[in-house]
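Q: Residue numbers (the working numbering), protein chains in the order written: chain A, 1 to 211; chain B, 1001 to 1295.
No lab work stands behind these hints, which were simulated from the structure alone. From a predicted model like this one, the values you see are computed outputs, not experimental measurements. Treat each hint with caution, since some may be false.
As the list claims (entries may be wrong) - Below 20 Å or equal to it, Euclidean Cα-Cα: the simulated DMTMM-like pairs (lysine to aspartate or glutamate) are:
| # | chain 1 | residue 1 | chain 2 | residue 2 |
| --- | --- | --- | --- | --- |
| 1 | B | Lys1182 | A | Asp197 |
| 2 | A | Lys67 | B | Glu1115 |
| 3 | B | Lys1030 | A | Asp125 |
| 4 | B | Lys1081 | B | Glu1127 |
| 5 | A | Lys67 | A | Asp125 |
| 6 | A | Lys67 | B | Asp1119 |
| 7 | A | Lys18 | B | Glu1138 |
| 8 | A | Lys17 | B | Glu1115 |
| 9 | A | Lys90 | A | Asp197 |
| 10 | A | Lys158 | B | Glu1033 |
| 11 | A | Lys53 | B | Glu1179 |
| 12 | B | Lys1182 | A | Asp61 |
| 13 | B | Lys1267 | B | Glu1256 |
| 14 | A | Lys158 | A | Asp192 |
| 15 | B | Lys1267 | B | Glu1223 |
| 16 | B | Lys1182 | A | Glu56 |
| 17 | A | Lys51 | B | Asp1178 |
| 18 | A | Lys51 | B | Glu1179 |
| 19 | B | Lys1130 | B | Asp1178 |
| 20 | B | Lys1095 | B | Glu1084 |
| 21 | A | Lys53 | B | Glu1139 |
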Amino acid sequence: MNILQELSDNLEQGNTKKVAELTQQAINANLDIKKILDDGLISGMTKVGIKFKAHEIFLPDVLLAAKAMYAGMDLLKPHMIKKGIPTIGKVVIGTVQGDLHDIGKNLVAIMLKGAGFEVIDLGNDVSPERFISTAEKENADIIGMSALLTTTMPVMKKVIDLAKEMQVYGKKKFIVGGAPLSTEYAKEIGADAYCFDGMSAVEAAKRFVRI
Amino acid sequence: MISLRERLKKNGVIVADGAMGTMLFQRGLKPGECPERMNLEHSEILEDIALQYLNAGAEIIQTNTFGGSPLKLAMYSLNNKTEEINARAVRAVRKIIGENAYVAASCGPSGKLLEPFGDTSAEVLFESFKRQIRVLIEEGVDLICVETMTDLTEASLAVKAARSISSSIPISATMTFDETPKGFFTIMGVSIGQAAEGLADAGVDIVGSNCGNGIANMVKIAEEFKKHTTLPIIIRSNAGLPLLKDGIAIFPETSEFMAEKSQELLKIGVKIIGGCCGTTPEHIGAINKMVSQYA
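Please put together the full structure from these sequences, using the hints given.
A: As structure tokens, then:
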């Protein structure tokens, strides 16, 4: 079997050890770094995302595949930097201030990384100031906000209001998600997209960096 | 009052209470605050909630200890107060209901993911539940309610932790399911059949589901449980799924609607009917009225 196909399949199965081995093999064989990333790692993670969305697999499978993906990425990263291969975009992500739920946000971060984005995860309980200042400092394309509580949801509006005040709004895209949210609410507060799940976050993010 | 174990053997459905979080928010819990912090400073609020559910006809009343495991409390740096937080919650409910109802200790998820997909070991999780549940049992609760679980291993560890402290205390465990084209599964991929079997193996006395669904789906979930268990079944439905109205969450199912649909739970043979998110004493009152018509 083609080594990249094998890499993709092993990633899908969450086989961390094998993914690390195959990634190293592919690097040693002087395969194109971008091809290892796209046709090996990202291809595997995309299949995981599709299966998760279709309820064919569940959260533990996604988490294991993500672990495997990171093992491959760790090996690939130095070569990407050396070759000047850019990531497809940069996302600053976090659960908003007052909210400590981060399983959903972590999942979105995994999916975004799996799709080839560089993700800066600020964790939970993130203040509006931290969202904006990090996005500015890191020159991120997208700010992703998560809230699981109806009571913390309004913090998303505060982040966007601050972005307007700092004249960042319009220059960066804002995506929001979480159980109590809706497309209407996203529109109401001025977010660019409401993402129902990890895969729709990836689709929106790709749209915003025009891929 | 007869023991809950005896009560479970007798005929008649047992009505349990409704949401705790919904009631706490109405009484001043601030966004992002630790709900269990209330136990340290506001016993009177816990007492008021217990009284309202008692008056609504609930025979089982829960403690405000859903996030009372030290692992969960650590997220608010309150883990060093685990004993006080859990003890005070039990005392507040017992003070109000005396021997007129049963005190049920709520034990929710740790918020951690188990190895290999998370970073928490089974041993750490077990010890965390054990520390919380020891206090609850020592304070004299009548029932341990492990609830809102999505990971069968975590749920089983909580049940085993309770069993390791008391061989006789009744234990209920409920999981939260999502409807998929292939049936109901938790986000961690646990089917109703697996939940029924796994929880029974862990040593529960009562199995079922809470949260994540409105009453219509809960009827389907109860039917599925009935196929897989001979244990008493408990169902605590949300008042539907939250809708947003001017940025505020509204739970759409009325007390009349939930009581009406709950008749189907009786037909299936569900033993305990209560409420979860969005249900209020009004909902529990309506369900109680419906249940008494069939008694």
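Q: The structure should be examined with respect to each hint, and the outcome stated for every one.
A: Hints and how they fare:
{"no.": "1", "hint": "Lys1182/B - Asp197/A", "verdict": "19 Å, holds"}
{"no.": "2", "hint": "Lys67/A - Glu1115/B", "verdict": "12 Å, holds"}
{"no.": "3", "hint": "Lys1030/B - Asp125/A", "verdict": "14 Å, holds"}
{"no.": "4", "hint": "Lys1081/B - Glu1127/B", "verdict": "16 Å, holds"}
{"no.": "5", "hint": "Lys67/A - Asp125/A", "verdict": "24 Å, violated"}
{"no.": "6", "hint": "Lys67/A - Asp1119/B", "verdict": "12 Å, holds"}
{"no.": "7", "hint": "Lys18/A - Glu1138/B", "verdict": "49 Å, violated"}
{"no.": "8", "hint": "Lys17/A - Glu1115/B", "verdict": "16 Å, holds"}
{"no.": "9", "hint": "Lys90/A - Asp197/A", "verdict": "19 Å, holds"}
{"no.": "10", "hint": "Lys158/A - Glu1033/B", "verdict": "18 Å, holds"}
{"no.": "11", "hint": "Lys53/A - Glu1179/B", "verdict": "13 Å, holds"}
{"no.": "12", "hint": "Lys1182/B - Asp61/A", "verdict": "17 Å, holds"}
{"no.": "13", "hint": "Lys1267/B - Glu1256/B", "verdict": "18 Å, holds"}
{"no.": "14", "hint": "Lys158/A - Asp192/A", "verdict": "15 Å, holds"}
{"no.": "15", "hint": "Lys1267/B - Glu1223/B", "verdict": "10 Å, holds"}
{"no.": "16", "hint": "Lys1182/B - Glu56/A", "verdict": "9 Å, holds"}
{"no.": "17", "hint": "Lys51/A - Asp1178/B", "verdict": "16 Å, holds"}
{"no.": "18", "hint": "Lys51/A - Glu1179/B", "verdict": "16 Å, holds"}
{"no.": "19", "hint": "Lys1130/B - Asp1178/B", "verdict": "28 Å, violated"}
{"no.": "20", "hint": "Lys1095/B - Glu1084/B", "verdict": "16 Å, holds"}
{"no.": "21", "hint": "Lys53/A - Glu1139/B", "verdict": "44 Å, violated"}
The structure fails hints 5, 7, 19 and 21 (numbered hints given earlier, in ascending order).
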